[in-house]
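Participant: Sequence:
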Amino acid sequence: MSGADDEPDAVAARYARRHDGDRYSPLRPEVWQTVQERERALLRRLAAVGLRSLAPLAITEVGCGGGGNLLGLLRLGASPEHLTGLELLPERHAQARHVLPPATAVWLGDACVAPVPPASQDLVLQYTVFSSLLGDAFQQRLADAMWRWLKPGGAVLWYDFTVDNPKNRDVRGVPLKRVRALFPEGRVHAERLTLAPPLARAACALHPALYRPLAAVPGLSTHVLAWIAKPA
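First residue of the sequence shown: 4, per the working numbering; consecutive thereafter.
Possibly wrong hints are sitting among the right ones.
[What the hints assert, rightly or not] Now the in silico label distances, taken between C-beta atoms and shown as ranges:
1. Arg215 / Arg183: 40 to 46 Å
2. Pro234 / Val102: 32 to 38 Å
3. Val191 / Val116: 24 to 30 Å
4. Asp173 / Val38: 19 to 25 Å
5. Val191 / Pro105: 32 to 38 Å
6. Leu54 / Asp8: 22 to 28 Å
7. Leu79 / Ser123: 31 to 37 Å
8. Val116 / Pro216: 22 to 28 Å
9. Leu54 / Arg204: 15 to 21 Å
10. Leu209 / Pro234: 26 to 32 Å
11. Ala19 / Gly156: 22 to 28 Å
Bear in mind the hints are in silico, worked out from the structure with no lab data behind them.
The C-beta atom is built at its ideal place from N, Cα and C for all residues, glycine as well.
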């Protein structure tokens, strides 16, 4: 494994050798059902914590990719000027900058040194970033930065898979126990979701309607959506 200082370069190298093709295209039925399932879970959590509007919230996403998650938050009512995307990979940063409104800040580089002021964010998001970090020390460094950015009473919104992928040595699962260790002061509410992707692809190739009943079977979901609240 790489050291903490080397991990950003290692992540970039691992992504450079990936060839996903259209595997994550939102037009694929298993992909759009995964996204919709996750969005429903997010809306339930926002309602449970009493949020009725995202407009006043300062929100930063670590690993914003091409900007898709931030676009989703805009559709839910977030204000462009209150959103920030952090992205390590130049080509994904360029895509995010192209599709997101000019008022939304999009920063290129190692998120650990991003110019996000302490105690300035209401929400900090990470979606399948930590599973791409193979070094424990860098995981902790990034978690500490995210926690530092949060206002008291804010929360980390976490979505990632919990089990290893034996066919992909460039990623590793992040169990809920590890999530709690990364944010020891956080109050964690977690919901398991997302039908195991190989099973989802096979099921949806037969019929997209198979996704939801299979996703409801205990043990077949591989990801966790967690709300990690910082004490007020």
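Participant: None of the hints should be skipped; say for each whether it holds.
Facilitator: Hints, one by one, checked against the model:
{"no.": "1", "hint": "Arg215 / Arg183: 40 to 46 Å", "in the structure": "29 Å, violated"}
{"no.": "2", "hint": "Pro234 / Val102: 32 to 38 Å", "in the structure": "36 Å, holds"}
{"no.": "3", "hint": "Val191 / Val116: 24 to 30 Å", "in the structure": "26 Å, holds"}
{"no.": "4", "hint": "Asp173 / Val38: 19 to 25 Å", "in the structure": "23 Å, holds"}
{"no.": "5", "hint": "Val191 / Pro105: 32 to 38 Å", "in the structure": "36 Å, holds"}
{"no.": "6", "hint": "Leu54 / Asp8: 22 to 28 Å", "in the structure": "37 Å, violated"}
{"no.": "7", "hint": "Leu79 / Ser123: 31 to 37 Å", "in the structure": "21 Å, violated"}
{"no.": "8", "hint": "Val116 / Pro216: 22 to 28 Å", "in the structure": "45 Å, violated"}
{"no.": "9", "hint": "Leu54 / Arg204: 15 to 21 Å", "in the structure": "34 Å, violated"}
{"no.": "10", "hint": "Leu209 / Pro234: 26 to 32 Å", "in the structure": "47 Å, violated"}
{"no.": "11", "hint": "Ala19 / Gly156: 22 to 28 Å", "in the structure": "39 Å, violated"}
Comparing the model with each numbered hint stated earlier shows that hints 1, 6, 7, 8, 9, 10, 11 do not hold.
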